[in-house]
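Visitor: This is what each chain is made of:
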Amino acid sequence: MTTSTKKQAKGSSSSKTSKKPLRIVLVGVPASPGFAMGKVFPITNREISVVEETIPESRVTTEEQLFLKAVSKTAKEIGQIKEISETRTGVHDSLIFATHLMILQDPGLVNGVLEMVKKKHKTARWSVHVVLGNYIEKFEKINSPAMRDKAADLRDLYNRLMTALDDSGPVLEDVALEQGVVLAAHEIMPSMLIAIKPGQVSALVMDTGGRTSHVAILARSLQIPAVSGLRNVAAQVNAGDTIIVDGTGGMVIVNPDEEDIRKFHERQEVFERQRRELFTMRRLEPMTRDGKYITLHANIELPSEASKVTDFGATGIGLYRSEFLFFQKDAPTEDEQQAAYGEILETMSPCPVTIRTLDAGGDKLVAGLTAVNEANPFMGWRSIRVCLSREDIFCTQLRALLRANKSGNLRILLPMISGLNELRKAKAYIKRCADELKAEGAQVGNIKIGAMIEVPAAVMLVDLLAKEVDFFSIGTNDLIQFTLAVDRTNELITEMFQPHHPAILHMINRVVMAAHREGIPVAVCGEMSADPMSVLLLVGLGVDELSMTPWSVMATKKIIRSINYEDVRESALTVLQMDDSDNVNEYMHKKYAQTITDLGISSFVGQVDGK
Amino acid sequence: MIVKTLTVTNKLGVHARPAGMIVDITGPAKSDVSIIFDGSKANAKSILNVMMLAIPLGSEVKFEVDGEDEELVVQKLEQLFHDNFNEEAG
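Listed in order, the protein sequences are those of chains A and B.
Take 0 as the starting number for the first sequence in numbering that gives the first Met the number 0 and just add one per residue.
Take 0 as the starting number for the second sequence in numbering that gives the first Met the number 0 and just add one per residue.
In case anyone wonders, no lab produced these hints; they're calculated from the structure.
Here a beta-carbon is modelled for each residue, glycine too, at the ideal position from N, C-alpha and C.
One or more of the hints may lead you astray.
Derived list of chain B stretches under chain A, where covered just means 3 residues or more per stretch with a C-beta under 8 Å from a C-beta of chain A [claimed, not checked]:
no., stretch
1, 14-25
2, 39-51
Straight line, CA to CA, 25 Å or less: simulated DSS-like cross-link-like pairs of lysine-lysine [claimed, not checked]:
no., chain 1, residue 1, chain 2, residue 2
3, A, Lys140, A, Lys117
4, A, Lys140, B, Lys61
5, A, Lys137, B, Lys40
6, A, Lys424, A, Lys466
7, B, Lys75, B, Lys3
8, A, Lys140, B, Lys75
9, B, Lys10, A, Lys137
10, A, Lys140, B, Lys3
11, B, Lys3, B, Lys40
12, B, Lys61, B, Lys75
13, B, Lys61, A, Lys137
14, A, Lys119, A, Lys68
15, A, Lys291, A, Lys68
16, A, Lys424, B, Lys10
Work out the full structure: start from the sequences and follow the hints.
Guide: Here's what the structure looks like:
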C-alpha cells in the first residue's frame, strides 16, 4: 500500500495540551517579508491515519452516506476555490480545478469506493485510501511526465477527501471565524492561498519550500509574511499557540515570552514606519547624489501583478518569466499567450516590458516539454535549446508576443545564449514570425531583442554578441553556478555560491564594457540585484538597470539615492584587484555597512551585519 | 453497438484537458462507452481511466459505444478529435 500520500507530523494536539507551552525558536528561509504575531491555525494535511477496519452490515449505509457527503463537501470547496481563482488570477489558472472536480465525480473512483464499503465491509476512509491510493500509484508509474504530475493533483484530492471525512479536523472555511491567524503546515498548496480572504491570515509557516516556490511567490504578491523550509514546524505547534513570524529574517518563535513580544512589537513598528517612509519615495527618481540615473525595474511572475508594479516605484518590467504560463497549463495556445502578454504590455505601456522566452528545464520542469532523466539537467536540454529544437512551441510564443506588442514597448529576452549561432537562429525565427504576421495584415510594433548573459561562453564572446542585440540582461544565478562550477541546489556546497567572487565581478565588468562600447544597456535581474552590497558593486561596475521583486524596488531606490556614483565606482575598481570574495566582502562591509544600516531599510533587505 | 477508430492529431496527445473533454461527452451519455488503446480497454466515462492511457500524438484510439444515443455520441467524439480538442495540431 502506498504511503506517499501521508504527510509527516505526528505531534497532534492530544499529547501536548497538558504541558506548559514551550518556547521554541525555529529558523527557516525568509519567503515573504514582514512581521506578524497570531494564533496558530494548523492545516490538515498532517498525518492522515488510516487503519483497515471491518464494519458490520448495519453500518454499511452510514459509511456510504459519509463518503458521498464528503465528496459533495469537497466538490463544493473546490468549486469555491475555482471561482475565487477565476476572479483573482484569470480563467487559465483555474482550469486545474475543473479537472479536480471531474476526477472527484469519476465513476471508477466513486463506484470503486462504494463497492469496497458494500462488498468488503470496509470504512469509507480505508476504501478511499485504497482506491485513490491505487490510482496515485498507477499515475506515478506512467511513462509520461505530464501524467505523472497528475499524481500530485490526486494527492491533493486525497487530502481534501480525507479531511472532509474527518469532521473533527479544521478545514479552510473555519478560518473565516478567526481573523489574522498564522497558517502552519507541512506544505501549503497554492490553491489554499488563493482561497484566503484578505485579513484572514496574517502569516504562513511551512516545513517545505524555498524562496522561489510557487507559494512563496504568491505570498509576496499578496503581501503576507511567510517563512518556509522550517523542516518540522507543523509537528511542533498546536492549534491556538501564539506564534511570532519574522518573514524578513526567516525566524519563527512559538509560544514567545514577554521579551520576545516586546521585541516583536518594536520590530513591527520599525517595519511599518520603514514601509511608510519607503512609500513616500515612490515618485522620486532613482538617481545617485552625483546625478547618475539607475533604471529600476520589477520582476513579476503573474500577469496580474503588472498593475501593482508602478505603485512600488518601478518604471518597467525587467523580467517576466513566461514559463509560469506553461506551468499552469500544459500548452497555452497562441491566443491564450497573447492575452497574458497583452495584459502586461498594455498595463505598463509606455514603460518597457522584458519578457523572457520559455526557459524550461533545469529545475523548472514543464510537463511534456522537458526531458526527465537527464544526468545534468542544468546543462541539459533546457531553455533556448528546447525552443530552437521545438520550432512549433517557440513560434507560437513569438507570434503571441509580437501580436500582443500593440504599443511597441516589448523587449524579448533570449535565455541561455552560449554563442552567436543560437542568437542568430533565434533572431531569424523572430524575423520570420514578424514577416508572417505582416503578410497576414497584422501590425507589428517595434521590439528590442536582448540576450541573457548566464553562460560563461557568452561572456567570452560578449564583444561579438553586443553587436547583434539591443540589450544584455545578466542572469547572476546561472552565471555564478556555471562559472564557479557550483550546483546551487546542492546543500553541501552552498557556501561556495559566492556572488562577489572576483571571477564573477570581472565577468560583469567585461559585459558592461562591451555593451557600452556598442551603446547598449546592461541589466541585472537575479537575486543579486536586491542585495544592498551587491547593488553598490553593480552600480559601481556600470550596470544600467536592476530588476527585482516589486517590494525591493523602494529599498533599492533609497540606497541609490544615498550614494555617490564616483565613490562606488572607485570601490568597484578597487575590489576588481582583489583575489577572493572574503576580501571583497570585508572591504565592502567596512566601507558601507553603517551607511546601509542608517538608511532604515532593514525590514526589507535582511540584516546587513553578521557577515 | 458502434465501433469507431479515431486518430489523435493534437500535438500534446490526450492529456488532462482533452481527457476531460472526452468525459464531457461520454459521461452524460446513456450509452456505455469503452476506450481501447494499445491493448487496454477502459471505461471512457472515467477521466482517470482515460488519462491513465497516456495516449500520445498520432495514436489510433478505438471507441465502443453501445446504447440508444450511440450515434450522437460517436458523432460528437468524431468532431472533438477532428477539432484537435481545440488545441494545436501536431
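Visitor: The structure should be examined with respect to each hint, and the outcome stated for every one.
Guide: Outcome of the hint check:
Evaluation of the coverage hint for the stretch 14-25 of chain B: fulfilled, as 5 residues show C-beta separations to chain A shorter than 8 Å, against a requirement of three. Counting residues of the stretch 39-51 of chain B whose C-beta lies closer than 8 Å to any C-beta of chain A gives 8; at least three are required, and the coverage claim holds. With a CA separation close to 29 Å, the supplied pair Lys140(A) and Lys117(A) exceeds the 25 Å bound. Of the pairs offered as hints, the one joining Lys140(A) and Lys61(B) holds, with about 23 Å between alpha carbons and a cut-off of 25 Å not exceeded.
This hinted pair checks out: Lys137(A) and Lys40(B) have alpha carbons roughly 16 Å apart, not beyond 25 Å. Distance check on the hinted pair: Lys424(A) and Lys466(A) sit about 15 Å apart at the alpha-carbon level, within 25 Å; holds. Restraint check for Lys75(B) and Lys3(B): satisfied, since their Cα atoms lie roughly 12 Å apart, inside the 25 Å limit. With a C-alpha separation of about 31 Å, the suggested pair Lys140(A) and Lys75(B) falls outside the 25 Å cut-off, and the hint is violated.
Taking the CA atoms of Lys10(B) and Lys137(A), the gap is about 24 Å. The hint holds against a cut of 25 Å. A hinted pair counts as satisfied when its Cα atoms are at most 25 Å apart, and Lys140(A) with Lys3(B) does not qualify at roughly 29 Å. For the hint linking Lys3(B) to Lys40(B), the alpha-carbon distance of about 14 Å falls within 25 Å, and the restraint holds. A threshold of 25 Å between alpha carbons decides the hint, and for Lys61(B) with Lys75(B) the separation of about 14 Å falls inside it, so the pair holds.
For the proposed pair Lys61(B) and Lys137(A), the alpha carbon gap of about 22 Å is at most 25 Å, so the pair holds. Taking the CA atoms of Lys119(A) and Lys68(A), the gap is near 20 Å; set against the 25 Å cutoff, the hint holds. As the CA atoms of Lys291(A) and Lys68(A) are separated by approximately 65 Å, the hinted pair breaks the 25 Å bound. For the proposed pair Lys424(A) and Lys10(B), the alpha carbon gap of about 23 Å is at most 25 Å, so the pair holds.
Checked against the numbered hints given earlier, the structure breaks hints 3, 8, 10, 15 and satisfies all the rest.
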